[in-house]
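Participant: For reference, the chains in residue letters:
There are 2 protein chains.
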Amino acid sequence: MGDFLGKMGMKSKPVIAIAGATGVVGNEMLAVLEQLNIPCSELRLLASKDSVGELYKFHSDEIRVEQLDGAAFEGADVALFATSNDLAREFVPLAVEAGAVVIDNSSAFRLQPEIPLVVPEVNFEAIKSSDRIIANPNCSTIQLVPVLQAIHQAAGLRRVVVTTFQSVSGAGKAALDELWDQTLAIFNQREIKIEAFPHQIAFNCIPQIDVLMDDGYTREEFKIIQESRKILGLANLKITATAVRVPVFHGHAGSVNVETEKPLSPKEVSEILSKRSELAVFSEAADYPMQLSVAGTDAIQVGRIRRDDSAPNALNLWIVADNIRKGAALNAVQILQRLLPQH
Amino acid sequence: MGDFLGKMGMKSKPVIAIAGATGVVGNEMLAVLEQLNIPCSELRLLASKDSVGELYKFHSDEIRVEQLDGAAFEGADVALFATSNDLAREFVPLAVEAGAVVIDNSSAFRLQPEIPLVVPEVNFEAIKSSDRIIANPNCSTIQLVPVLQAIHQAAGLRRVVVTTFQSVSGAGKAALDELWDQTLAIFNQREIKIEAFPHQIAFNCIPQIDVLMDDGYTREEFKIIQESRKILGLANLKITATAVRVPVFHGHAGSVNVETEKPLSPKEVSEILSKRSELAVFSEAADYPMQLSVAGTDAIQVGRIRRDDSAPNALNLWIVADNIRKGAALNAVQILQRLLPQH
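Each protein sequence line maps, in turn, to chains A and B.
Under the working numbering, the first residue of the first sequence carries the number 1, and numbering increases by one thereafter.
Under the working numbering, the first residue of the second sequence carries the number 1001, and numbering increases by one thereafter.
These are calculated hints, taken from the structure and not from any lab test.
Do not take every clue at face value.
To be verified - Capping the alpha-carbon separation at 25 Å, the derived lysine to aspartate or glutamate pairs in DMTMM-like fashion look like this: (1) A/K238 to A/D210; (2) A/K238 to B/E1062; (3) B/K1275 to A/D210; (4) A/K267 to A/E284; (5) A/K262 to B/D1214; (6) A/K173 to A/E62; (7) B/K1262 to A/D214; (8) B/K1267 to A/D214; (9) A/K238 to B/D1309; (10) A/K267 to B/D1210; (11) B/K1262 to A/D215; (12) B/K1267 to A/D287; (13) A/K262 to B/E1268; (14) A/K193 to B/D1181; (15) B/K1262 to A/D210; (16) A/K238 to B/E1261; (17) A/K262 to B/D1215; (18) B/K1049 to B/D1086; (19) B/K1238 to A/E268; (20) B/K1173 to B/E1191; (21) B/K1193 to A/D287; (22) B/K1011 to B/E1066.
All chains, full assembly: derive it from the sequences and hints.
Facilitator: Okay, structure coming up:
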C-alpha cells in the first residue's frame, strides 16, 4: 500500500524547507512545526550566507543552517518562505521549479489573482490542487478576517473602519533591537539611532507602516484593505484602515468599527465569534485582551464588543493577536497542516 | 479713570489662584501663565498639605505653595483648578463663593447644562457674563473639536469614528513615573509594580481609560462623545470613540474617520484647517505629526488627511496635540486670556 496523499499531492512526511529560517518569523515557523508535531522526513533551514552553519534545535535533532540558493530546494516537498519580498520574488519560482509547494509569508504574490491568499479557518477552499504557491496574508489582516467573516455570515458587512496598534516585531529582529536600544539610550541619555523605522519608536507612535503611496495611504493600509477583500471573497467590501506602529515588542491590536446590514447585539456577536475555534472572546467588559497578554498565544482575541449608536447596526470591537504566531508563522504552518494527508 | 473690565468683569491684573498647582497640569498652568505673559497682581499656588512650603519660580518671583482650603480663595479674581474631581466638587463652590471666576480642568462640572464647556477658538461665546464656572474639556476632546467644527462648517458632519492613542501624562505624575519605573524594571529584570493603570503600561497598550460603564464604554470614551457634542452645539452628533492608553510619555494622537454631508477633497480639508490659528496642518503625506514631535508645542497638529472610499464623502485624519498644554493647561489659560480686558 502506497503513501496516502493530502491536498496538492502532499506526502504524509514531506521534506520541508524554511527559507529565511533565522529571522523572527522563520524562527517561529521552526518552533511551530515542532509544537504542532508536523511530520517531516527532513527539515532544511535556509538563510543568507552570514547565518550558514548556525545550529538550531528541532525535536531531538540539531539542524545546520544552509545557504538559500537555487539548489537548496532540490527534493523539497514544501517550502515555507519567511524572507523579504525581493528574496521571495527571486527564490519562490526556483522552489516551485524544484517541485515544492510554497507557502510564502512575503507580500510579493499575495494580490496576484491566480495565487490563493489563505487564512485556513476562513478560506482554505481557495486552494486548488494545481496551485504551487499559497500566500500567507499580512499580520494585521490575518487577525481581522475571521472576525469579519463571522459577522458577515451572520448579518452582512456594510462597512469596516480599522485603526491598528502594531508592535515592532512585525518589522523583524532589527526592529525589536531598535525599540530596546532606543529605550535604553533614553534612560542613559545617549544619542538615539534610527534605522529600522522612519522616526524614533521608543515612547512614540508612528502613523506610517511600510511606504506611502500616491493616494496618501501607506502600503500596510493598502494591504489590510485589499487582502481582506480577497480572503473574504468580497471584492467590493467597504473598508478603510489607518495603520500605526506603537512601542510594543509583540502583538498587534486593532480598534475595529463594523456596520452590518442586519442588527446584531454585542451578546449575539460574542456568541457568533465564540463558535470559531481560532477566536477567544472576552464577553465581560472589564476583561479585555492586550498585546502583553497575547504574546506567544495562538488565538485571535476579541474584546470590548459594544454597540455603536452613531450608525444603524454598528459595533466597536478590539482585536488582538500575536502577529508573529497567528499573524505569520502559525498561520503558514496551519496551512501546511491542512494540506497533509489525514489518516 | 478706573480699571477696564473684561468679560465676566475680569480685572486687567487679577489675583489668580491655581488649585492643584503641584500636579502635572497645575505646573504647566504656571508655566503657561508666564509664557503668555498673563498679567496678575498676585499669583497663589494651592495644593495639598504635603506640598505646602515648596517654592516655584514665576517670572522673577519665588512663590511658596499654600494649602488648598476654603480660606485660600479670599480676594481671588480667578481660580484655575487642576485637581481631582473630588477636590473640584469640594473647593470650586468655595472659590465661587469667595468671588472668583473658576476655570476648572476636572470633569466634575463639564456636562452640567448651565456650565459652559469651552475651547476658546471653538465656542468662547458660550460664556455668559453671569457665569462663575467655566469647564475646561477633556484633553482628547480639546484636540478633536476645532477640526470637527471646521469640517462641519464647510461640509456638515454626518458621522465621526475616533480611536485615540493617549499618553500616560494625562493620568498625572504617578503615571509618568509608572511608565518610567516599569520600563526600567523590565530592563533590570525586576518585578513590575502596577498602581496608576489597571495593567502594565510599559511596552503595552491598554484599551481602557477611566472606569468602564454599564454600556461597555469607558468614561473617557463617554467624555469624548458627550463633550464634543456640547462644545460643538450639536446635541445629536453621530460620534463614537475607542480610547486607548499607549506607552508614550507626552501627547495624545487620534485616528479620526469623518463622514460629511457634502464632498470635501483632502486638499480642501487642508485649506480649511490651515485657516485656523490653533491648527498646524501637514498637507504632504510623507510629513505627519507624532506625539514625540508635539510635546511642548501649542498647536493641534493634523496630518495624513486622505479620502476614504468606504463611504460617500468620508475622510481619514491623524490629529496630535500635547495633552498637557493645548489639551489642558494652555486651553485653560487661553480662556482666562480672552476674559481679560483688551487694551
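Participant: Taking the earlier hints as the rules, which of them does this structure contradict?
Facilitator: 2, 3, 12, 13 and 15
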